[in-house]
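Trainee: Using the sequences and the hints, build the whole thing.
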Amino acid sequence: MTFLSTIKAAALSAAMIVSVALPAAHADEQYFPLQSYRVGPYAAGGTGFFGGFIDYLNLINIRDGGVNGVKLTWDECETQYEVERGVECYERQKSHAGAAAWNPLSVGIAYAMIDRITADKVPLITVNHGRTDSTDGRVFPYVFPLLLNPYSETSGIVNYIASKEGGIDKLKGKKIVVLYHGSPYGKETIPIYELLAQKYGFTVQQIEVPHPGNEQQSQWLTIRRAKPDFVVLRGWGVMNPVALKTAVKVGYPVDHIVGNVWSNSEEDVIPAGDAAKGYTAITTQASGNAYPVVQEIVKTVYGAGKGNLEDKARIGSVYHNLGIVNGILNVEAIRVAQEKFGHRTLTGDEVRWGFEHLKLDPAKVEALGAKDLFHSINVSWDNHEGEGYVTFQQWDGKKWNVVSDWIAPDWALLRPIIEKSAEAYAAEKGIKLRTAADADAVATN
Amino acid sequence: MIADFDYQFFIEVLVGGLLSGVMYSLVAIGFVLIYKTSGVLNFAQGALLLFAALTFVSLVERGVPFALALVVTFAIMVAIGVAIERTVLRPLTNKPPITLFMATLGLSYIIEGAAQLIWGTQVHGLDLGIEDVPLEVGGVLISQFDIFAAVVAAGMVVLLSRFFRYTRIGLAFRAVADDQFAALAVGLRLPLIWATVWAAAGLVALVAGLLWGARLGVQFSLSLVVLKALPVLVLGGFDSILGAIVGGLLIGASEKLAEVYIGDYFGGGIESWFAYVVALVFLLIRPSGLFGQKLVERV
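The listed protein sequences derive, respectively, from chains W and C. Position 113 (the first sequence) corresponds to 113 in our numbering; numbering is contiguous. Position 297 (the second sequence) corresponds to 297 in our numbering; numbering is contiguous.
The hints are simulated quantities; they were obtained by calculation from the structure and are not laboratory data. One thing to keep in mind: the hints can contain errors.
[Said to hold, decoys possible] Which stretches of chain W does chain C cover? Using the computed rule of at least three CB atoms under 8 Å from a CB of chain C, they are:
#	stretch
1	34-41
2	209-219
3	242-249
4	260-271
[To be verified] If we take Cβ atoms under 8 Å as the criterion, some of the chain C residues that face chain W in the derived model are:
#	residue
5	E12
6	H124
7	G125
8	P134
9	R215
10	E259
11	G268
Virtual Cβ for every residue (Gly too), placed ideally from N, Cα, C.
Mentor: Put into structure tokens, the structure is as follows:
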């Protein structure tokens with residue numbers, strides 16, 4: 001063997017070793033890195049959401065053989081809902097080729113990833129949460145707070161309270177207390193409640209509950225003294241059942257408490273027992289397992305022994321259905337992008353383009369088997385929330401029952417505030433505002 | 001101005017704070033028991049509380065009768081307590097206190113992980129059959145559940161005080177607490193005493209776990225109630241059961257009053273750190289706490 005052929009052989013061996021060591025997507029695979037949390041304080045939410053998400057991906061693989069023949073793959077990395085672990089998972093999973101989108105379901109982890117995923121050009125999905133101004137796709141090209149950002153949620157809640165009072169003009173002179181979690185998430189909506197109070201003429205008192213919220217006696221005594229017409233519960237984790245129990249303890253009527261989107265799950269009401277009966281909360285997706293897509297998951301995925309939830313009684317729970325809806329949005333974005341770029345493994349930037357053209361009207365939602373599970377979505381290059389509708393559900397002691405129509409938040413009112421905030425962020429970070437033409441330019445590798 | 005002061009509301013906040021303080025004391029007593037006899041600040045007490053509540057509620061949900069579930073859970077807690085003493089603390093005898101503290105810190109993570117591994121991650125409701133509708137006494141609303149918890153805490157203090165004062169093993173506990181080497185010299189069996197005290201701490205964890213579990217729901221966050229017990233211990237003293245009770249009352253009342261009356265000046269949500277401010281002030285004035293033993297060391 002000559003010196004040259006030895007070098008060639010060595011180079012070939014090295015290339016083979018590298019190709020084995022680096023995980024790569026096959027031509028017909030699209031990969032989802034899942035930064036899940038199945039242990040730790042928020043495991044109940046994590047197992048439900050990621051269970052629903054994986055169940056839907058499995059449904060697409062088993063029933064349809066993937067998206068137009070492209071198989072969906074994923075792996076899970078445990079974060080325990082901790083930011084540093086989430087970032088560690090990101091570093092570990094990002095080397096996998098063919099990543100479609102990140103879905104950490106954690107405000108903290110999402111914040112820590114924004115700069116990284118923007119550099120990588122892979123979408124970051126923060127369904128129902130995240131920073132409000134990331135709705136503005138001119139500034140945040142790869143972040144998608146799909147269906148509902150915190151400001152839209154606030155507007156939806158105020159509109160619902162108005163409907164209970166007999167119209168938006170009846171809010172004048174009313175008093176609303178917002179009981180919020182003492183964290184950046186909890187504080188995110190303080191300015192918008194103040195603004196809506198000024199606009200509609202109600203008074204608002206915003207009271208903080210320190211993390212984790214397992215003691216709320218003083219806050220609820222203050223509320224009782226304030227005698228508000230409604231209390232908005234903007235809680236998280238243990239804060240929610242404690243709020244409901246303490247409300248009963250101080251004699252505040254639970255049917256005048258309206259929960260936000262992270263105070264709306266079975267995990268929030270079951271620990272409160274009878275105290276939660278009559279409590280109402282906002283949601284973007286209804287709970288229950290009667291919807292065709294959920295029934296298909298039961299039949300096809302659980303029937304094949306591939307269901308992700310250990311406890312089948314949790315099928316159709318709030319978090320499980322949110323995971324399913326999140327699965328639908330991710331899969332449909334890939335489908336949209338495939339129509340443009342071909343039925344193959346897509347780059348992250350191509351999937352971003354798919355999200356920016358994701359339009360599911362009620363007819364399409366029905367065709368997907370999700371009629372009444374969620375309303376619709378209409379994402380564009382500069383509106384990354386997609387005008388999600390909200391509905392309200394009331395806990396009867398055993399299950400949630402939908403008690404309102406689909407309600408539209410006041411997007412026209414909110415948009416200028418969101419743009420102002422996003423532009424301030426862009427100025428601070430030196431980001432050039434994206435145009436429609438910029439959004440159409442797609443990186444193919 | 002004073003004429004405008006709402007005294008009824010003040011009393012309501014005060015009473016609510018005192019009753020919340022009793023709940024903190026329940027957790028603090030578990031710390032005191034271990035510290036009193038072995039000098040170990042058992043950070044795993046919160047995890048034990050979680051494990052006890054989760055075990056109990058999981059057994060009840062599987063159809064085990066309430067009383068039997070209570071007995072079985074207590075037996076499990078005793079077994080865990082003895083196992084911790086045997087496998088972790090005994091091998092670390094005579095090691096510096098910080099080593100023992102770190103060992104219990106590690107233990108707390110292991111117990112939390114084991115609890116979720118064995119019983120799952122779901123949250124559970126726990127109904128002890130106590131109505132939680134408020135009682136109105138002179139225009140002041142008082143929680144029936146909190147009164148029940150206060151009675152249980154008082155009963156436990158009486159029980160433990162009598163146990164320490166009038167039983168042979170209780171006297172042995174006190175001897176060990178006073179001077180381990182002298183206790184050994186007169187023939188007391190330290191391992192047996194420590195195992196018993198860990199079992200007693202298991203019982204306290206069970207009682208506190210059930211009461212806190214009924215209040216918060218049985219979920220992972222139960223283990224965080226230790227954070228409420230720490231300022232109580234600093235204030236009352238780490239080795240005094242009476243101190244745990246008085247400390248709990250003071251912390252509970254002061255944090256609630258502070259939240260309501262001065263919270264707005266600091267943007268609200270001050271009660272979690274205000275408790276530590278009170279504890280730190282006491283620490284500066286009286287380092288061994290209100291009822292803690294003053295340590296005098298010969299150098």
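Trainee: Does E12 of chain C meet its interface restraint, that is, does its C-beta lie within less than 8 Å of any C-beta in chain W?
Mentor: Since the shortest Cβ distance to chain W is 6 Å, the answer is holds.
Trainee: Taking 8 Å as the limit, does the beta-carbon of E259 of chain C come near enough to a beta-carbon in chain W?
Mentor: Because about 4 Å separates E259 of chain C from the closest Cβ in chain W, which is inside the 8 Å limit, the hint holds.
Trainee: Test coverage of the stretch 260-271 of chain W by chain C using CB-CB distances below 8 Å; three residues minimum.
Mentor: Per the Cβ count (3), the hint holds.
Trainee: Per the coverage rule (Cβ-Cβ under 8 Å, at least three residues), is the stretch 34-41 of chain W covered by chain C?
Mentor: holds (count 4)
Trainee: May I ask you to test the interface hint for P134 of chain C with respect to chain W, counting a Cβ-Cβ separation under 8 Å as satisfied?
Mentor: 6 Å, holds
Trainee: Take the shortest C-beta to C-beta distance between G268 of chain C and chain W; is it under 8 Å?
Mentor: 4 Å, holds
Trainee: Please count how many residues of the stretch 209-219 of chain W have a CB within 8 Å of a CB from chain C and say whether that reaches 3.
Mentor: holds (count 9)
Trainee: Would the hint on G125 of chain C be counted as holding, given a Cβ-Cβ threshold of 8 Å to chain W?
Mentor: Cβ of G125 of chain C sits 5 Å from chain W, so the hint holds.
Trainee: Let's test the interface hint: is any C-beta of chain W closer than 8 Å to that of H124 of chain C?
Mentor: Holds, because the Cβ-Cβ distance from H124 of chain C to chain W comes to roughly 7 Å (cut-off 8 Å).
Trainee: Hey, does the R215 of chain C contact hint survive, CB to chain W under 8 Å?
Mentor: Constraint on R215 of chain C satisfied, holds at 7 Å.
Trainee: Verify this for me: three or more residues of the stretch 242-249 of chain W with a beta carbon less than 8 Å from a beta carbon of chain C.
Mentor: holds (count 4)
In summary, this structure violates none of the numbered hints.
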